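Mapped onto the working numbering, the consecutive letters of the sequence shown carry residue numbers -2 to 568.
Keep in mind the hints are simulated off the structure, nothing from the lab.
Warning: the hint list may mix true and false statements.
Here are the simulated lysine-lysine pairs, DSS-like style, with alpha carbons at most 30 Å apart [said to hold, decoys possible]: (1) 179 with 334; (2) 299 with 185; (3) 179 with 59; (4) 59 with 299; (5) 200 with 37; (6) 334 with 212; (7) 212 with 185; (8) 179 with 212; (9) 334 with 59; (10) 299 with 20; (11) 20 with 59; (12) 200 with 185; (13) 299 with 37; (14) 334 with 299; (15) 480 with 179; (16) 59 with 200; (17) 334 with 185; (18) 185 with 20; (19) 20 with 179; (20) 20 with 334; (21) 20 with 37; (22) 200 with 179; (23) 20 with 480; (24) 200 with 299; (25) 37 with 185; (26) 212 with 59; (27) 200 with 212; (28) 200 with 480; (29) 37 with 59.
Treat the numbers as computed from the prediction; the structure is a model and nothing was measured.
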Amino acid sequence: MADSQTVLVTIRPVPMLRLTEVKLPLDHPATALSEAILGKLGIAAARLLRYEIHRRGYDARKRSAIHLIYTLDAEVHDEAEVLRRLGTDPRVQRTPDMAYRFVAQAPAGLNSRPVIVGTGPCGLLAGLVLAQMGFRPILLERGKAVRERTRDTWGLWRRGELNPESNVQFGEGGAGTFSDGKLYSQIKDPQHHGRKVLEEFVKAGAPEEILYVSKPHIGTFRLVTMVEHMRASIEALGGEVRFQSRVTDVEIEHGREGRQIRAVTLAGGERIAASHVILALGHSARDTFRMLHERGVYIEPKAFSMGLRIEHPQALIDTCRFGSHAGNATLGAADYKLVYHAENGRSAYSFCMCPGGTVVAATSEEGRVVTNGMSQYSRNERNANSALVVGVTPADFPGDVNSNPLAGMDFQQYWEAAAFLAGGSDYHAPVQKVGDFLAGRASTGPGTVLPSYTPGVNWTDLSSCLPQYILATLRAALPAFDKQIHGFAMADAVLTGVETRTSSPIRLTRDAACQSMNTRGLYPAGEGAGYAGGILSAAVDGIKVAEALALSLCSAGVSPAPLAGETPAPH
């Protein structure tokens, strides 16, 4: 779509002007972008030196007249003159400086090496940034390297064989490796850390279009290669990545100034001295959450959401969203975002929508069934799928959350075990057609929509798999969603149970310096700590916490002397 002047990825050595809300027809010619810039700025063609596409989205509210919406950065001759004329126009402003600048550099003689627990998006970006600043981090991953992990994950999907330490949740790349690879978020990002994340992903092999499309995604196969390249970058800069290194304990010193992390212990018994530890655990590290609670690390219960996966023909969603433009290569497979506020005071909403994808087995524990959605970069599978979930709060959890902040985790496990039983106790998932779900009767087999979940499904009644208030809210939401997307409540659409791990059920609360509320040197980060949701926000939080840790290490100068009998971290 862009003409020869377009540069998609550059380092901007000179100021540029940012034009927002540039609206063009879906199938506009290549010259339309430069013509739009010239018209908006009121300048001759000779004054436009070059331009870049910063963002490209679309407006499909009128299916018969879908438009592309651009944000463009233009370098022009005599920028000051343009700003004098158009300075009051909010859609023409100076392009912000989005270049990433490191907050610190590891000082010479620094003996302490930061430790990062987890190699999902949060841990990888934290490790990469710390390595780029010279801190030589040690990354500890309980699971396996990403390709070995992929083989183990397929073992569950194809043969029903679960490896509790190497699966969709655990292993290099984190849970996001087996997802749609969505790279957009609604977080506030005034320092443009998200741009740093995307640029590092492109360096690692992601398509350059993720830098400018409004809803970028990568897909599982490409994520595997990217993760390997990022690990290689960390190691080349002096960092270290260890697999099958589950942290089973933390050593906390109690001194005059409070609690201070001193070491972590691995499942094999190895003890690694560390005064600065990032906990980038992910939302499924339940055994680690229990250990931290036992060691007195401050934890709060947190709201999350639970529900079911729903599948429709992707062609249905494409037609409902794009009309005659369904199948357009620029638009790609259509997605949706739906919300319903029920009379019972609860809300149902679509979550983690995967166009042209599959529903996957995502459990990490024996005797439980968990669903998630996944797409490849092409998004060309026959079905669209999304979670339909309802919010739950600590008031819904069993027991006293004040004495047991892990009650939400217990709540998740109870319903995952119920789904395992309903599926036949062999990692098959319980499924039900929407028509039967709305009528309150069990399903006995498929209709026109075939479920994509493997290793298999059991047609049943899903009423035993979720609390009644969630079921009632979903039953009220489906007809309402059908009014927005005609056919959404089609009788043969498939519901698969259960979706429980939408976000972490706990928060490892931290202070303004990104350290645990009651344990110095411990840096909770990312989705498992309750500070992110999705690949991009987790990676951004990893950078934020890495910066805080780097500043703390630099202010300390050198690491404190080891405790008696303590072995310093390896160099």
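Comparing the hints with the structure gives:
Between residue 179 and residue 334, the direct Cα distance comes to roughly 14 Å. Compliance with the 30 Å bound is thereby established for this hinted pair. With a C-alpha separation of about 21 Å, the suggested pairing of residue 299 with residue 185 holds against the 30 Å cut-off. Straight-line distance between C-alpha atoms of residue 179 and residue 59 comes to about 25 Å, which keeps the hinted pair within the 30 Å bound. A distance of roughly 39 Å separates the Cα atoms of residue 59 and residue 299; the hinted pair therefore is violated under the 30 Å criterion.
Straight-line distance between C-alpha atoms of residue 200 and residue 37 comes to about 33 Å, which puts the hinted pair past the 30 Å bound. At most 30 Å may separate the alpha-carbon atoms for a hinted pair to count; residue 334 and residue 212 meet this at roughly 13 Å. As the CA atoms of residue 212 and residue 185 are separated by approximately 16 Å, the hinted pair is consistent with the 30 Å bound. Annotation: proposed proximity of residue 179 to residue 212 holds, straight-line Cα distance about 7 Å (limit 30 Å).
At roughly 16 Å between alpha-carbon atoms, residue 334 and residue 59 fall within 30 Å of each other, so this suggested pair holds. Under the criterion of a C-alpha separation no larger than 30 Å, the hint pairing residue 299 with residue 20 is inconsistent with the structure, at around 41 Å. At roughly 14 Å between alpha-carbon atoms, residue 20 and residue 59 fall within 30 Å of each other, so this suggested pair holds. For the hint pairing residue 200 with residue 185, the CA-to-CA distance comes to about 24 Å; that is within 30 Å, so the pair holds.
About 48 Å separates the Cα atoms of residue 299 and residue 37, which puts this hinted pair outside 30 Å; it is violated. At most 30 Å may separate the alpha-carbon atoms for a hinted pair to count; residue 334 and residue 299 meet this at roughly 23 Å. Straight-line distance between C-alpha atoms of residue 480 and residue 179 comes to about 27 Å, which keeps the hinted pair within the 30 Å bound. Under the criterion of a C-alpha separation no larger than 30 Å, the hint pairing residue 59 with residue 200 is inconsistent with the structure, at around 37 Å.
Restraint check for residue 334 and residue 185: satisfied, since their Cα atoms lie roughly 20 Å apart, inside the 30 Å limit. With a CA separation close to 25 Å, the supplied pair residue 185 and residue 20 stays within the 30 Å bound. Taken as a hint, the residue 20 and residue 179 pair is honoured in the structure, with Cα atoms around 24 Å apart against an allowance of 30 Å. Taken as a hint, the residue 20 and residue 334 pair is honoured in the structure, with Cα atoms around 22 Å apart against an allowance of 30 Å.
A distance of roughly 11 Å separates the Cα atoms of residue 20 and residue 37; the hinted pair therefore holds under the 30 Å criterion. Of the pairs offered as hints, the one joining residue 200 and residue 179 holds, with about 17 Å between alpha carbons and a cut-off of 30 Å not exceeded. Between residue 20 and residue 480 the alpha-carbon distance is near 28 Å, which keeps this suggested pair within the 30 Å criterion. With a C-alpha separation of about 36 Å, the suggested pairing of residue 200 with residue 299 is violated against the 30 Å cut-off.
Taking the CA atoms of residue 37 and residue 185, the gap is about 29 Å. The hint holds against a cut of 30 Å. This hinted pair checks out: residue 212 and residue 59 have alpha carbons roughly 19 Å apart, not beyond 30 Å. In summary, the hint linking residue 200 to residue 212 is supported, as the alpha carbons are separated by about 19 Å, within the 30 Å threshold. Only pairs whose Cα atoms come within 30 Å are accepted, and residue 200 paired with residue 480 is rejected, the gap being roughly 43 Å.
For a cut-off of 30 Å, the pair hint linking residue 37 to residue 59 stands: about 24 Å separates their Cα positions.
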